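S.K.: Same order as they appear, the protein sequences are chains W and F. Per the working numbering, the first sequence starts with residue 1, numbered consecutively. Per the working numbering, the second sequence starts with residue 1001, numbered consecutively.
Note that these hints are calculated values from the structure, not bench results. This one's a predicted model, so the numbers in the text were calculated from it and none came from an experiment. One should not assume that every hint holds.
Straight-line C-alpha distance at most 30 Å; calculated DSS-like pairs for lysine-lysine [to be verified]:
1. 1288/F - 106/W
2. 106/W - 156/W
3. 116/W - 1288/F
4. 96/W - 1226/F
5. 116/W - 96/W
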Amino acid sequence: MIKIRGIHKYYGDLHVLRGIDLDVDKGQVMCVIGPSGSGKSTLLRCINLLIQPDEGDIFLDNVRINSPEIRPEWVRQQVGMVFQSFNLFTHLTALKNVMIGLTRVKRVDAAEAREKAEWELERVGLGDKLDAYPAQLSGGQQQRVAIARALAMDPKIMLFDEPTSALDPEYIREVLDVMSRLAEEGMTMMVVTHEMGFAKTVADEVIFIDEGRIIEHGSPVEIFERPGHDRTKAFVSKILG
Amino acid sequence: MPGWLKNPIHLYRSEGVRIRNASAGQRSMQRRSLPKVFLYGRNLAITIAALGIVVSIGYQGAYNIAYAQEILRYLIQGFVVTLQAVAVVIPVGFILGFFFGWGRTSHSWLLRATGTAYVEFFRSLPPLVLIVFSSLLATLFLRNYFFVEDPHAIALWIGVLALAFHSGSYQAEIVRAGILSVPTGQLDAADSIGLTRLQSIFLIVLPQAFRVSLPAVGNEFASVIKDTSLISAIGGMELTFWGTLLFPDALGQDFNLVFIILTEVALLYFVLTFAVVRTVRAIENRFKVPGLEAAAL
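Could you put the whole structure together from the sequences, leaning on the hints where they help?
M.R.: Written out as structure tokens, the structure reads:
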């Protein structure tokens, strides 16, 4: 579904991504781990073109998306993204947050969009919070609204950029549960996370990125229990404490 | 009983939403009302204003009623001109402020430079100088190049517009700050669901910037209302103009008349400012959203 070949990204002199090759198949859950500043978030942001890679190709269903003929909005409709800091639209209720993509991007009429948005919020367990504003919700609830907002667009793949890193510990579970259920339902997912429990149980594949390169990839067991590379070993031992 | 028990945390209620658990996030959302002192202050102001009316009526009764009534008629005539000036300055200033402030946040170098030049120029000059200078220039141009015989009325409105430009430069900074207060994450999120740049601006950034800027804009409105008195310098026959014109004569006749003039002028400005500020406050409340309460001035 996603095919990435040799992407590079520079920020001035900083070489953030140094040739990444990656395949994500339909229904696959891929977890991305790596130290901060390793380029995980940049990689994720390249896939929905929030960042344009400087070199290389990204294919979504065999269409090269990082090309000038492709409207980024068209790509982003098909790629859902969940952010570390939730980024719910502050001035809109939970329901409106989920509806806005449907009414304004997909041009669905209001009644239908409302129905769909209510259903998506129900799905993440927030059917009783439709009219709450983001500031009235806990971090965990906000992140679940953000997931519903992305899901409402019926994306082909969901990208999660450290979805639980900004959460108080007591709210992490509820977000991971929603994500696990999504994975069970067969959603294709790419998750940047340090939640090893989640990665172990849900991921089909784990990739370890350091200094803009994929150092190692394999099943969760391979990466966490029998890492082949020294840097992976060092990192895994640090996060597993 | 400790204070926090007497005043339990009010859970935010809006449009039928009830939040049962007051978690840390929600706690910060409880509406902070102004200290009582300010509410009393407002009532006090109204009371003083009411007393002012009584006093001035009293004086009119005690002394030369006909003359006092004549004064009031002139003052109201001036008030109408003030109203007209305000009706031009506030909308024009707001529109200028909005576009130039927005321009200053633009990616385009040209728009940013234009906005900055506008703000720096009109903010740095005293409004009185701006008004006099622009209306003199207008008189000159209208006479010499457009052969208008009596350019006075037009020049007067040019002066009013100059004040609007001055006010706009302040509002541009307010609007700019409002736009910059919207976190970049909001744009990331807007992009990520496929909104276009233009949609992001109109559906996400501006609605939030608007809510954050409104109190400061209201403050600027209140300030510029009184600045319209400066157009008396170019012969605008507004409220202050009439007040100062009637002053010497009143002083010669009866000192109480001076008091009446001042009270009435003050009262008329007060009523206008109060009405405008209240209107802005009502708009604020209408669009109020938890989490977007504007920063205090």
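S.K.: The structure should be examined with respect to each hint, and the outcome stated for every one.
M.R.: Each hint tested on the structure:
1. 1288/F - 106/W: Measuring from Cα to Cα gives roughly 28 Å; hence the hint holds.
2. 106/W - 156/W: Roughly 15 Å between the alpha carbons, so the hint for residue 106/W and residue 156/W holds.
3. 116/W - 1288/F: Distance of about 27 Å is within 30 Å: holds.
4. 96/W - 1226/F: Not satisfied, since the Cα-Cα distance of roughly 41 Å exceeds 30 Å.
5. 116/W - 96/W: Since the Cα atoms of residue 116/W and residue 96/W sit roughly 11 Å apart, the hinted pair holds (cutoff 30 Å).
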